[in-house]
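4 protein chains.
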Amino acid sequence: MLSFENDYSRAAHPAVLDAVVRANEHLYSGYGSDELTAQAKAKIRETCGAPDADVWFLVGGTQANQVVIDTITPAYAGVVAVASGHPNVHEAGAIEYAGHKVLTLPHHNGKMDAGELDEYCKTFYADANHEHMVFPGSVYVSQSTEYGTIYSKAELEAIAEVAHRYDMPLFVDGARLGYALTATGGDMTLEDVARIADVFYIGGTKVGALFGEAVVFTKHNTPKHFLTRIKQHGALLAKGFVLGAQFDALFTDNLYFRIARNANEAADRIREALKAKGYQLTFDAPTNQIFVTLDQPTIERLERDIKLGFMEKADDAHTVMRICTSWSTTPEEVDQLIALL
Amino acid sequence: MLSFENDYSRAAHPAVLDAVVRANEHLYSGYGSDELTAQAKAKIRETCGAPDADVWFLVGGTQANQVVIDTITPAYAGVVAVASGHPNVHEAGAIEYAGHKVLTLPHHNGKMDAGELDEYCKTFYADANHEHMVFPGSVYVSQSTEYGTIYSKAELEAIAEVAHRYDMPLFVDGARLGYALTATGGDMTLEDVARIADVFYIGGTKVGALFGEAVVFTKHNTPKHFLTRIKQHGALLAKGFVLGAQFDALFTDNLYFRIARNANEAADRIREALKAKGYQLTFDAPTNQIFVTLDQPTIERLERDIKLGFMEKADDAHTVMRICTSWSTTPEEVDQLIALL
Amino acid sequence: MLSFENDYSRAAHPAVLDAVVRANEHLYSGYGSDELTAQAKAKIRETCGAPDADVWFLVGGTQANQVVIDTITPAYAGVVAVASGHPNVHEAGAIEYAGHKVLTLPHHNGKMDAGELDEYCKTFYADANHEHMVFPGSVYVSQSTEYGTIYSKAELEAIAEVAHRYDMPLFVDGARLGYALTATGGDMTLEDVARIADVFYIGGTKVGALFGEAVVFTKHNTPKHFLTRIKQHGALLAKGFVLGAQFDALFTDNLYFRIARNANEAADRIREALKAKGYQLTFDAPTNQIFVTLDQPTIERLERDIKLGFMEKADDAHTVMRICTSWSTTPEEVDQLIALL
Amino acid sequence: MLSFENDYSRAAHPAVLDAVVRANEHLYSGYGSDELTAQAKAKIRETCGAPDADVWFLVGGTQANQVVIDTITPAYAGVVAVASGHPNVHEAGAIEYAGHKVLTLPHHNGKMDAGELDEYCKTFYADANHEHMVFPGSVYVSQSTEYGTIYSKAELEAIAEVAHRYDMPLFVDGARLGYALTATGGDMTLEDVARIADVFYIGGTKVGALFGEAVVFTKHNTPKHFLTRIKQHGALLAKGFVLGAQFDALFTDNLYFRIARNANEAADRIREALKAKGYQLTFDAPTNQIFVTLDQPTIERLERDIKLGFMEKADDAHTVMRICTSWSTTPEEVDQLIALL
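Protein chains in written order, with this note's numbering: chain A, 1 to 341; chain B, 1 to 341; chain C, 1 to 341; chain D, 1 to 341.
In case anyone wonders, no lab produced these hints; they're calculated from the structure.
A couple of the hints might just be wrong.
As the list makes no split between identical chains, a pair holds if one copy fits it or if it spans any two.
Derived EDC-like pairs (lysine to aspartate or glutamate); straight-line CA-CA distance at most 16 Å [to be verified]:
id	residue 1	residue 2
1	K224	E131
2	K122	D315
3	K219	D192
4	K122	D316
5	K122	E312
6	K313	D127
7	K43	D54
8	K219	E46
9	K313	E300
10	K313	E119
11	K224	D167
12	K219	E191
Start from the sequences, fold in the hints, and give me the full structure.
So this is what it looks like as structure tokens:
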């Protein structure tokens with residue numbers, strides 16, 4: 001059975017696993033206070049071109065979203081996101097559990113429009129009753145988005161400009177940041193992200209790690225006593241060095257970007273084939289998530305041999321399904337998939 | 001200066017105030033454990049035709065919404081409401097502060113459509129990823145709605161039927177229940193509400209009381225240790241008998257409905273006049289809130305003599321304003337208003 | 001039946017009630033934005049000798065404690081209180097519901113010792129693991145305390161000094177502040193409280209009002225968007241002017257202090273009588289709460305004619321009971337009580 | 001430098017690491033829905049002798065405590081624990097962040113006394129004001145405790161009996177369960193724990209795993225929609241199979257207990273040596289945590305060569321330090337330590 005179900009089905013890149021195995025030869029102090037973690041943070045800061053950045057390692061994406069949004073959003077405020085944003089839809093209410101409302105804007109192929117963000121805030125502050133409402137207190141976007149699309153540098157800068165105008169930090173969810181930054185047609189580097197965003201994370205779980213997300217506060221702007229806040233959320237890993245070892249490997253010799261690029265290349269080939277065979281791509285997106293609108297018979301035929309991901313019902317007869325490549329997808333798997341289309 | 005700004009500008013109906021003054025002649029035990037409160041509860045139960053109802057008195061509407069929604073909605077779930085619902089828009093995130101997401105449906109002149117509620121739930125449970133999402137756990141509607149419209153008995157029954165099918169209690173916010181039940185063209189009684197809803201409240205703040213909302217759990221279905229939950233929310237009034245005295249007065253000789261009817265009669269007259277003079281009513285609504293879409297010059301002209309309420313911007317040139325009558329509006333005030341239109 | 005059960009059994013002082021009745025002659029804007037409320041705030045600021053103070057009106061004591069502690073305590077921190085403190089014992093976990101731990105010190109007749117507070121903080125910051133613990137983030141004391149005792153000016157200043165040294169605001173719960181400031185032997189004025197505390201409240205519920213607590217942030221140090229935070233807690237009263245009217249009356253012609261003094265005078269007489277008759281006073285306290293340790297037969301005898309309050313079991317044979325006077329206690333009631341002892 | 005700092009300094013037992021490496025050869029479905037996880041759960045159920053047990057894997061100890069306590073404790077209630085309990089002291093307020101108070105009993109060498117638990121509950125329910133207080137809603141104990149001591153079977157049964165009498169589930173924190181169950185003089189098996197407790201967890205982080213705790217609801221008593229609750233807490237691991245692989249290895253051929261026993265044997269030897277050399281053991285405890293009360297010069301001398309753990313100040317001149325062995329401690333390390341004492 002071929003699987004293009006998601007990008008977190010395989011444990012870890014061999015070099016990452018190897019780093020964990022090698023870490024087993026030493027003893028490390030706990031909670032990320034070790035030298036391996038320090039080294040990984042230094043490499044990330046350097047790759048970000050951000051000597052003033054604070055780097056923290058967390059275990060997973062929803063956890064990172066919850067901890068970051070909760071700590072950067074004032075108590076009287078919510079986080080602004082597009083309606084299709086992961087925290088609004090697929091995190092079981094983790095943000096609301098932490099006491100904050102998710103304030104939603106319409107999405108455009110998964111993306112936020114800077115003008116609409118501006119309009120939202122303008123309307124909010126113009127409302128005579130706004131003190132009875134939830135203030136927009138931070139902005140959440142994902143790069144790449146839930147629909148596999150990416151922001152251009154200009155688009156993200158425009159959002160940041162609006163966010164800062166209304167005194168909101170901009171948070172970029174980078175669960176799939178590697179795939180976004182190595183997509184064909186993308187114009188953004190990690191340095192750009194670190195320059196534009198106030199805080200973002202570099203997803204490891206979906207790009208080669210066993211687990212782990214590197215949260216980067218880009219301007220020494222870590223919320224006060226952040227370690228305590230992490231612990232309070234039940235999110236502090238005792239053996240922090242296991243995270244350090246993995247990110248140290250991912251940020252050695254450009255591994256993170258090399259393996260991310262692999263997923264995009266595989267996806268590009270699949271997209272070509274889909275188009276050639278007349279399939280309907282749901283979104284025009286350049287990263288490792290390909291959404292196709294399929295009728296039921298086609299789904300049944302494909303699922304005999306291929307594990308696909310479910311996205312949503314399109315209408316009574318059609319469903320949006322996801323073909324997801326990853327850092328570990330092989331050319332042979334792509335060949336097999338294309339042959340089955 | 002004439003004021004039609006809202007329905008909570010005057011302290012209380014004289015009979016209600018008088019009941020409080022008379023209560024001052026006695027000592028009462030605390031926290032609603034007194035006999036005056038017991039008597040008021042008995043009268044409400046009787047008027048509801050619901051001998052199995054549990055009645056609780058809270059101080060205000062947002063408080064009632066927060067306490068009720070928090071206690072009837074499971075921890076893994078949110079409350080379903082229309083997007084224009086008060087807890088979604090004008091309660092400063094009180095529901096999210098209590099840890100629950102507000103799951104929104106589109107509104108139709110402020111009202112929820114039972115079919116759309118059904119569709120929402122069906123889609124939710126059909127989603128392969130729904131365990132990663134916020135379960136619909138309770139249903140919130142308001143009667144009358146934020147736009148002054150009312151549900152017919154059939155409409156509310158249909159919503160209750162869907163809610164119960166998906167194992168959700170139906171909560172009716174009755175901040176303006178008096179106005180809803182005495183509106184021209186309405187077909188529902190308090191008994192109907194008590195029969196159809198699992199929990200609702202009878203708004204006192206906007207219908208003759210200094211403050212106070214009577215929360216009714218209609219079928220001995222009060223959440224466990226509800227008094228403790230109220231206290232935990234900071235919502236337990238020490239001198240509960242002040243609430244008891246007021247509701248005892250409101251439910252003596254049908255006072256609550258008589259004074260509510262007064263507001264609707266005033267509103268009916270104003271609506272007639274508005275239509276006659278060619279004003280554009282924003283919604284077709286029969287209760288004490290009249291929304292009119294006005295251009296800026298008209299607003300400025302009217303606000304020279306009349307305090308109106310702001311609802312929302314309609315477009316660059318127009319604003320939706322509210323003319324709100326209340327239990328205390330006099331025929332003379334209506335005459336003056338009409339003369340100024 | 002004579003009642004010395006508590007100090008919130010009678011609705012309100014006639015002058016306060018009268019102010020509410022008079023307020024009924026006018027229409028006021030909502031949520032405390034009216035001129036009556038403004039006037040009451042000005043009078044309080046003046047009596048406090050604190051022109052820079054911000055005054056807010058809330059409905060009840062637990063609510064005030066929850067809203068204030070939640071808004072002044074950082075998210076990574078708890079509030080330090082003595083173990084007998086009201087929020088730690090008798091508020092149904094309202095502080096923890098708001099996400100904060102109550103960090104407890106031993107009490108000394110209900111009071112906190114400044115030296116112990118210092119020791120607690122010193123030990124906390126000296127602990128190598130303190131980032132895994134709850135930071136002391138604010139300090140809560142009550143004046144008078146749950147046991148009727150009061151802090152001297154020097155004692156409260158010492159606590160404030162320690163609190164500020166560790167970057168914690170000092171919050172004084174004044175549910176019974178009137179009784180504390182007019183107690184025989186007390187050396188503190190309202191001005192002193194306003195000078196020493198960062199935030200405190202002047203209790204109305206137990207000193208002549210129907211309900212209401214005046215929260216005073218003494219140095220323009222109101223937490224950001226406090227009105228929104230109040231609303232978020234479900235604690236914003238629609239008819240704020242009902243609070244304004246009451247406090248305006250209480251702070252006219254020194255009424256608040258005059259009626260508070262009445263309770264202490266009654267209590268002083270009762271204490272005299274108790275001592276003369278050989279009763280055992282549980283605490284040496286000068287305010288309106290008198291705690292006596294009684295054996296079961298005495299309790300049964302007294303409760304035939306007098307409603308008393310239950311405090312706690314002392315041992316198998318004895319119970320600590322409370323005799324509570326109030327602003328409304330009459331000399332005749334005191335005579336009757338003494339005759340029954 | 002020799003390290004006896006803690007039991008989470010080394011990544012993982014080779015067999016556990018090897019299981020993760022082997023898992024890398026396959027693709028697995030996400031969030032613990034894979035067959036490797038199912039197999040690990042089956043092995044745990046079998047070792048527990050509890051065919052009706054539900055097993056869930058979480059990442060860390062504080063997270064497990066937060067998720068379990070939050071989901072088993074009613075909203076109106078707190079969790080009863082001894083004052084020295086980990087959630088009360090060293091979890092940064094994670095329980096209060098989740099809205100629950102930790103209700104504390106005194107500890108006896110880290111342990112709860114069943115009689116005191118009974119007394120606490122009896123007093124609570126006898127208190128006339130208990131509805132204004134936090135109900136005792138669940139019971140938390142740790143096996144082994146924070147001081148390395150263990151409960152006998154009879155002691156734990158007594159606590160369970162009291163807990164159930166007051167309608168509280170008993171939760172056993174087993175972060176170091178392996179060490180507790182293989183301690184010299186212990187009389188409890190994993191089956192006993194599964195029989196006595198309502199929910200407990202088997203700590204992996206401190207007993208051979210990279211990370212991971214196996215939460216066991218012993219009687220098909222998993223809280224409703226527990227997966228959603230886990231996600232809501234940000235605690236759902238995408239690659240759940242990495243947890244499955246590790247626990248599958250730990251529960252193959254009795255590995256978990258064999259490696260736990262190693263730590264206790266090392267600790268027994270160290271204890272012997274300490275006693276022989278006249279050191280003062282702070283607690284009489286049989287597991288892998290040895291607490292010694294040391295004067296400053298001794299600490300300085302030892303810390304030249306050995307990393308120790310800080311526990312707490314004993315007095316001005318003495319500090320309680322921890323010598324902690326683990327599953328990975330070698331006989332040679334023990335020899336070296338003893339030579340240095």
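As a check of your reading, is K43 near D54 (CA-CA no more than 16 Å) within one copy, between copies, both or neither? within (12 Å within a copy, 42 Å between copies)
With identical chains, the pair K122 and D315 could be close in the same copy or across copies; at 16 Å between alpha carbons, which is it: within, between, both, or neither? between (36 Å within a copy, 13 Å between copies)
Copy assignment of K219 with E191, given that the CA separation must stay at most 16 Å: For K219 and E191, the Cα distance is within 16 Å only inside one copy (13 Å; across copies 44 Å).
Status of D127 relative to K313 across identical chains (alpha carbons, at most 16 Å): Between copies, since 8 Å is at most 16 Å while 37 Å is not.
Quick one: K313 to E119, C-alpha cut-off 16 Å, is that within a copy, between copies, both, or neither? Between copies only: 12 Å across, 31 Å inside.
At most 16 Å between C-alpha atoms: does K122 with E312 qualify within a copy, between copies, both, or neither? between (33 Å within a copy, 13 Å between copies)
For K219 vs D192, is the C-alpha pair at or below 16 Å within one copy, between two copies, both, or neither? Cα proximity of K219 and D192: one copy only (13 Å, versus 43 Å across).
First find the shortest C-alpha distance between K224 and E131 inside one copy, then the shortest across copies, and answer within, between, both or neither for a cut-off of 16 Å. Intra 26 Å, inter 11 Å, cutoff 16 Å: inter-copy only.
Copy assignment of K224 with D167, given that the CA separation must stay at most 16 Å: between (18 Å within a copy, 14 Å between copies)
How would you classify K313 and E300 at a CA-CA limit of 16 Å: within, between, both, or neither? within (15 Å within a copy, 49 Å between copies)
Checking K219 and E46: alpha-carbon separation at most 16 Å within a copy, between copies, both or neither? within (14 Å within a copy, 45 Å between copies)
How do K122 and D316 come out at 16 Å by Cα distance, when the copy is not named: within, between, both, or neither? Between. Shortest inter-copy distance 13 Å satisfies the 16 Å Cα cut-off; intra-copy 39 Å does not.
When held up to the earlier numbered hints, the structure conflicts with none and fits them all.
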